[in-house]
Structures are given as C-alpha cells and as structure tokens.
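A.B. asks: One-letter residues, chain by chain:
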Amino acid sequence: MSNNNLYKGSLQTIILQLLAKGDKMYGYEITQKVKELTKGELTITEGALYPALHKLEGSGMLEVEMQKVDNRLRKYYKLTEKGEKESVIKVEELTRFVETLQELMAPKNPKLA
Amino acid sequence: MRKLAPEEIGFIDKYLENSEVKFYDIRLELVDHVAKAVEEKMDTENLTFYDAFKSYMIKNKKELIKEVSLIKKEAFLKVLKMLGANLFHPITIGVSFLGWLFTKEFFNTIKEGPAFFSLVLLFLFLMLSLVIMRGLLSKKNRGKQYIYINRLVFISSHTFQLYQIVFLHKMSEHYLLYLILYVAINSSFLISLKKVYDNYQKKLLLS
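Here the protein sequences line up with chains A and B, keeping their order. Here the numbering used here is used: position 58 in the first sequence is 58, and no number is missing along the way. Here the numbering used here is used: position 165 in the second sequence is 165, and no number is missing along the way.
Just so you know, the hints here were simulated from the structure itself, not pulled from any lab data. Note that CB positions come from ideal geometry on N, CA and C, so glycine has one too. Heads up, a few of these hints could be off.
Unchecked claim - Which residues of chain A face chain B? A few of them, derived with a C-beta cut under 10 angstroms, are:
no., residue
1, Glu36
2, Ala48
3, Pro51
4, Val64
5, Glu65
Kindly produce the complete structure, drawing on both the sequences and the hints.
C.D. replies: What follows is the structure, encoded as structure tokens:
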C-alpha cells in the first residue's frame with residue numbers, strides 16, 4: 001500500500017466495504033476498484049491484499065468461489081453473513097475514528113481544545 | 001483486451017513456482033493476478049507479452065514474495081489453533097481412551113520396553129498418515145504443494161521430534177501418560193488433515 005502506513009489498519013474494512021457494495025470480486029479487481037475510487041491516491045499492493053483476504057476468509061467473513069476464466073482459475077471472494085455484519089461494525093468504527101481524528105487535528109472550538 | 005494464451009499462463013505459473021511461490025493454492029491466485037495485470041499492460045502500453053511481464057515483475061516481484069511469507073505465517077497460526085482445538089475433539093478423546101485401555105492391558109507383555117513400543121506406534125502412525133494422505137490426494141494433485149497441508153505436516157513432524165527429545169527418555173517412568181499424549185497429538189493431526197482437505201475440496205482446489 002502506498003501513502004505510508006495511514007491506511008494499513010483500515011485495509012480489512014476497505015475490503016469488506018467493497019464486497020458489501022458489490023457482489024463477488026477477485027484480488028486484482030479489488031486493487032483496481034480501490035485505485036479507481038480513490039483516483040489513484042491509494043494503491044493496495046499484492047503483499048498487503050492477499051494476506052488480508054486470507055485472514056478474512058480464515059475468520060469466516062469471506063467465502064471463496066473458483067471459476068475458470070480466460071484459460072486460468074480465478075478466485076472470487078464474497079461476504080458471508082458474518083462478514084456482512086462485521087462490515088457494518090467496522091465501517092462504524094472507522095467513521096468514529098475518522099471523526100475523532102478530525103476533532104483532534106482541526107477542533108471545531110479551538111479554545112476548548 | 002488481449003487474452004493470454006495457455007502457454008503464456010503456463011510461463012507465469014512456472015516463473016512463480018521457481019520464485020518461491022511453491023504452494024499451488026497461493027500460486028493459482030497470483031497467476032490470475034499477474035496475468036490480468038500483464039494483459040492490461042500489453043493493451044495500455046502496447047507491449048509484447050514478455051516485455052509486459054518483465055516490466056510487471058521488476059516492479060512487483062518483491063511484493064509477491066512478501067505476500068507468500070505473510071500467508072505462510074497466517075497459515076501456521078491457523079493450523080496451530082486447529083491442532084490445539086482438535087486435541088479436544090470427541091474422536092481424539094475416544095481414541096486416546098482406547099489407547100489408554102490398550103496400553104494398560106498390553107504394555108507389560110512387551111519385553112522390549114517403552115522405547116520399542118513408541119517406535120512401533122510411530123511406524124504405525126506414519127503408515128496410517130501416508131495411506132490417508134495418498135487416499136485424500138488424487139493422482140492429479142499429488143505433485144502439488146498446498147500451504148495448509150504443508151504447515152500441518154511441518155508442525156506435526158516437529159512436534160514429534162520435540163516429543164522424542166523431551167519425553168522418550170522419561171517414558172519408563174510415566175509411559176502411560178506419554179503414550180496417551182502421543183496418540184492424542186496424532187489423532188488431532190489426522191482430524192486436522194481431513195478438515196484441511198475437505199476445505200480445499202469445497203473450494204474446488206482438489207479434484
């Protein structure tokens with residue numbers, strides 16, 4: 001992932017959120033979607049993406065579907081019921097975190113801060 | 001968009017296999033990733049397959065290798081947890097109980113002593129594991145390495161070596177306890193192996 005480590009802790013939430021919005025996605029598709037949505041601001045590398053996907057799959061939040069596409073096997077990921085619930089919780093957590101951070105960086109009432 | 005030919009896909013697969021991505025289950029996902037990236041590069045930058053592949057690899061090879069080591073760590077921890085949990089599986093408890101009964105009844109009749117008995121058990125276990133693994137893996141899949149099976153065998157073989165070093169020389173004192181522990185560990189390994197296999201089969205990685 002580029003843009004130093006700021007996004008690192010949010011990678012699982014980003015993946016869950018992308019899958020919650022769409023149907024099933026494969027690894028390369030996720031990297032491109034993130035790039036497109038953030039207008040190139042955020043790049044997910046293979047070294048970060050696949051371990052995160054495997055972790056989410058291992059914890060039962062994602063399920064896998066294999067399909068033969070263009071002479072090769074493609075591994076699609078989709079949310080499980082547990083993953084759908086977790087996605088909502090994680091997005092709420094992240095939103096709260098961003099709000100807290102904003103309050104810290106640019107307080108609405110600087111005198112009280 | 002130009003689609004890669006089977007030989008080009010095979011080339012990527014072989015390259016990754018020779019670049020430390022030896023596990024088939026990880027590699028097949030990376031082959032698709034690299035192939036898709038190369039196809040896009042060929043289109044957008046008007047490159048030949050080899051130029052696009054070379055350009056992609058120069059930039060991303062380090063990340064690909066890093067990925068494998070991170071997934072290996074993740075698989076190691078997952079398998080360790082699975083082995084621990086399966087120590088309390090009803091089958092493990094049942095087999096250990098039978099082992100206890102058998103050992104209690106017949107151990108004293110074996111003149112050669114506990115070390116010999118342990119070696120006999122080891123041999124039987126290895127034979128059983130081999131038969132189960134060969135049975136589980138079809139001919140088509142035998143040459144391939146799967147990360148969870150690899151980690152499982154890695155942990156189990158090291159556990160056994162540790163067991164031999166730490167416990168074997170003490171076995172004459174508490175032979176029953178050590179042998180039951182040994183049976184339980186092996187039973188947990190075989191149950192975990194079956195679970196890992198079922199999971200691979202569910203994902204259609206094993207045929």
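A.B. asks: Now tell me if each hint is right for this structure.
C.D. replies: Status of the hints after comparison with the structure:
A cut of 10 angstroms between beta carbons decides the hint on A/Glu36: the least distance to chain B is about 13 angstroms, and the hint is violated. At a threshold of 10 angstroms, the smallest CB-CB gap from A/Ala48 to chain B is about 8 angstroms, leaving the interface hint in force. At about 4 angstroms, the closest approach between the beta carbon of A/Pro51 and any beta carbon in chain B falls short of 10 angstroms, and the interface hint on this residue holds. The closest approach between the C-beta of A/Val64 and any C-beta of chain B is roughly 5 angstroms, which is under the 10 angstroms cut-off, so the hint is satisfied.
Because the smallest distance between the Cβ of A/Glu65 and any Cβ of chain B comes to about 8 angstroms, under 10 angstroms, the interface hint for this residue holds.
Checked against the numbered hints above, the structure violates only hint 1.
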